[in-house]
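Listed here are the chains, written in short residue letters.
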Amino acid sequence: MNNNIDINVHHITRVEGHGNIVVNVTEGRIEKLQWQVPEAPRFFEAMVRGHNYQDIQLIVSRICGICSITHSLAAIKAVESALGLKVSEQADKIRILMHYSEQLQSQTLHVGYLAAPDFFDAPSVVPLVARAADIVKTIVKVHRIANAWSDLIAGRTTHPVTIVPGGLTRVPTEKQLRQLQQTLKDTIPDLKKIAEAVLSVAGNIPKFERPTEYVSLKQTSPPTYTFYHGGITSTDSKGAVVPIEKWHDVANEYIVEQSTAKWAKWHRDTYAVGALARFNNNAELLGPMAKDAAKTFGLQKGCCNPYMNTIAQLVECFHVVETSIAIIDQLLTKGLKDEKATSAPRAGKGAGCVEAPRGILFHEYEFDKKGNCVAADMCIPTNQNHANIQKDFEKLLPEILGQGQNDIRLKLEMLVRAYDPCISCSAHFLDVKFVR
Amino acid sequence: MEQTRKRNVVVIGLGNVLLSDEGIGVHIIGRLLSQQKKHPLVDFLDAGTAGFSLLHLIANRKKAIIIDCAKMGVRPGTIRRFTADDVQSVKRLSHYSMHEADVLRVISVSRQLGECPDEVVFFGVEPESLEAGQNLTKTLSDKIDSYIADICKELG
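So the sequence lines, in the order shown, correspond to chains A and B. Residue numbers for the first sequence, in our numbering: 1 to 436. Residue numbers for the second sequence, in our numbering: 437 to 592.
Hints may be right or wrong, so weigh each one.
Computed list of lysine-lysine pairs in DSS-like fashion (alpha-carbon distance at most 25 Å, straight line) [unchecked claim]: (1) Lys579/B <-> Lys141/A; (2) Lys442/B <-> Lys589/B; (3) Lys442/B <-> Lys175/A; (4) Lys442/B <-> Lys185/A; (5) Lys137/A <-> Lys498/B; (6) Lys442/B <-> Lys141/A; (7) Lys498/B <-> Lys141/A; (8) Lys137/A <-> Lys442/B.
Just so you know, these hints were derived from the structure itself, not from any lab.
Given these sequences and hints, build the entire structure.
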């Protein structure tokens with residue numbers, strides 16, 4: 001038992017705050033244990049207010065460099081709901097393909113570049129390149145394929161340009177889709193290689209459990225492991241599915257003293273979103289390869305080890321690849337049509353929801369009769385996870401107090417990383433001093 | 437399936453256009469894209485806040501020119517040309533999130549993977565404001581023509 005522990009992992013950037021971990025233990029008594037998230041005031045509403053409905057998805061795509069397709073899709077669904085626009089089956093499928101490309105991009109990025117160094121006991125991905133070059137190269141290869149996939153469908157790797165109200169600005173050619181399909185088929189052995197490498201170090205994943213509520217999308221018609229359609233469900237809602245329009249009833253945001261980022265609760269004091277939440281609500285709907293991957297890691301529905309979120313992300317990499325291969329088959333069998341998206345302004349209010357790689361994301365907009373935005377709201381997955389991280393800390397720390405301070409710090413940091421948080425997303429500037 | 441564009445020289449604009457001068461790299465690329473015909477052997481890419489994806493955009497090129505907002509401790513609006521070896525990042529990363537980005541770290545990984553361009557040149561522009569806003573400050577917008585002239589000079 002450590003009698004005295006003092007951990008203060010404090011990171012402040014000039015634009016917005018990182019999360020801070022603060023632990024004070026005196027003579028074996030936990031005096032302070034906090035996951036603190038300083039966050040700059042939200043400027044989201046002001047950012048889009050006054051802009052025309054046709055520009056919203058382009059503006060919000062700039063909120064985040066990792067989830068830019070996801071933000072655009074949540075926004076366009078909200079816009080289309082507000083304006084009563086229908087999207088063709090073909091455009092819907094291509095958007096899902098686009099969304100899956102970002103899932104693969106982001107999940108690979110997280111598993112490979114952020115979580116893998118923990119598993120392989122490296123301080124970051126930079127030294128890991130030398131230590132495990134082969135596996136890092138495979139991760140880079142898959143990430144590169146996912147980026148090229150986004151580039152093809154979204155018109156750009158980051159910040160998509162092909163999504164417009166009512167559909168898409170362009171449709172990929174049959175040749176491009178066939179090439180993409182072949183590439184995805186060729187990627188499966190690489191995913192298996194990554195899974196094998198992670199499995200070889202899976203013993204380093206902490207064995208910690210805390211039952212909580214897991215919230216995600218659920219699609220019942222047809223039953224699908226969904227990232228895009230459906231309503232909101234949770235492991236506490238006994239199969240009930242809440243319509244997207246009622247998202248405020250789910251994400252009950254509240255303010256706490258230790259964090260300027262809002263916390264969220266539904267049936268309990270906290271809930272979790274992300275890959276593990278999707279898995280816990282929909283695992284039986286995964287594709288066969290994804291199911292096999294889950295089985296290999298012993299990941300089962302009902303898992304309440306938050307560190308296993310990273311494994312659920314890896315499982316989802318298999319799912320989005322195998323499902324996309326099937327979607328391309330469906331598109332090609334039906335034959336691609338040259339479609340033109342049309343829309344017209346009208347007054348209205350609408351909500352849109354999709355699964356970001358790191359969890360459920362809500363957007364909501366209201367437009368006047370000219371189609372100009374008069375109100376906007378958004379709830380990001382990371383904010384929905386903050387309270388849950390705090391509660392995890394409170395159960396975890398007493399269980400690991402007997403370990404050294406560095407081990408305690410590492411396990412707390414790994415826990416935060418497992419949630420794949422979106423913090424300091426917008427602060428990308430260089431900060432340098434000249435050395436020659 | 438390959439990246440749709442892959443010329444030997446790439447000019448990449450980075451930044452967040454929702455945070456005033458933070459988006460200077462993207463604003464400059466927007467202007468350079470309109471001059472694409474003058475530079476047929478160059479790719480101009482708006483990479484926004486792509487972060488680690490930069491790794492793929494520069495891979496196996498001969499030369500990469502990266503334009504970004506940079507805190508260098510000089511007068512706002514100043515543009516400076518430098519290489520990755522000229523500077524040291526003083527940016528503090530939490531390592532909690534892939535959303536934080538350090539371009540210099542990406543260059544380091546690219547070198548280790550053996551796919552970094554022979555020449556990587558940065559043009560850093562000192563910001564005046566990083567507040568929420570979709571426009572550059574006047575200090576930077578007044579100088580955008582001279583920034584473009586500097587970059588075109590680099591392209592030869």
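Evaluation of the provided hints:
As the CA atoms of Lys579/B and Lys141/A are separated by approximately 40 Å, the hinted pair breaks the 25 Å bound. At roughly 22 Å between alpha-carbon atoms, Lys442/B and Lys589/B fall within 25 Å of each other, so this suggested pair holds. Between Lys442/B and Lys175/A the alpha-carbon distance is near 19 Å, which keeps this suggested pair within the 25 Å criterion. Annotation: proposed proximity of Lys442/B to Lys185/A holds, straight-line Cα distance about 24 Å (limit 25 Å).
For the proposed pair Lys137/A and Lys498/B, the alpha carbon gap of about 20 Å is at most 25 Å, so the pair holds. Note on Lys442/B and Lys141/A: the hinted pairing holds, with a Cα-Cα distance of about 16 Å set against a maximum of 25 Å. A hinted pair counts as satisfied when its Cα atoms are at most 25 Å apart, and Lys498/B with Lys141/A qualifies at roughly 20 Å. Of the supplied pair hints, the one linking Lys137/A and Lys442/B holds, its CA atoms being roughly 20 Å apart against a limit of 25 Å.
Of the numbered hints stated above, the single one contradicted by the structure is hint 1.
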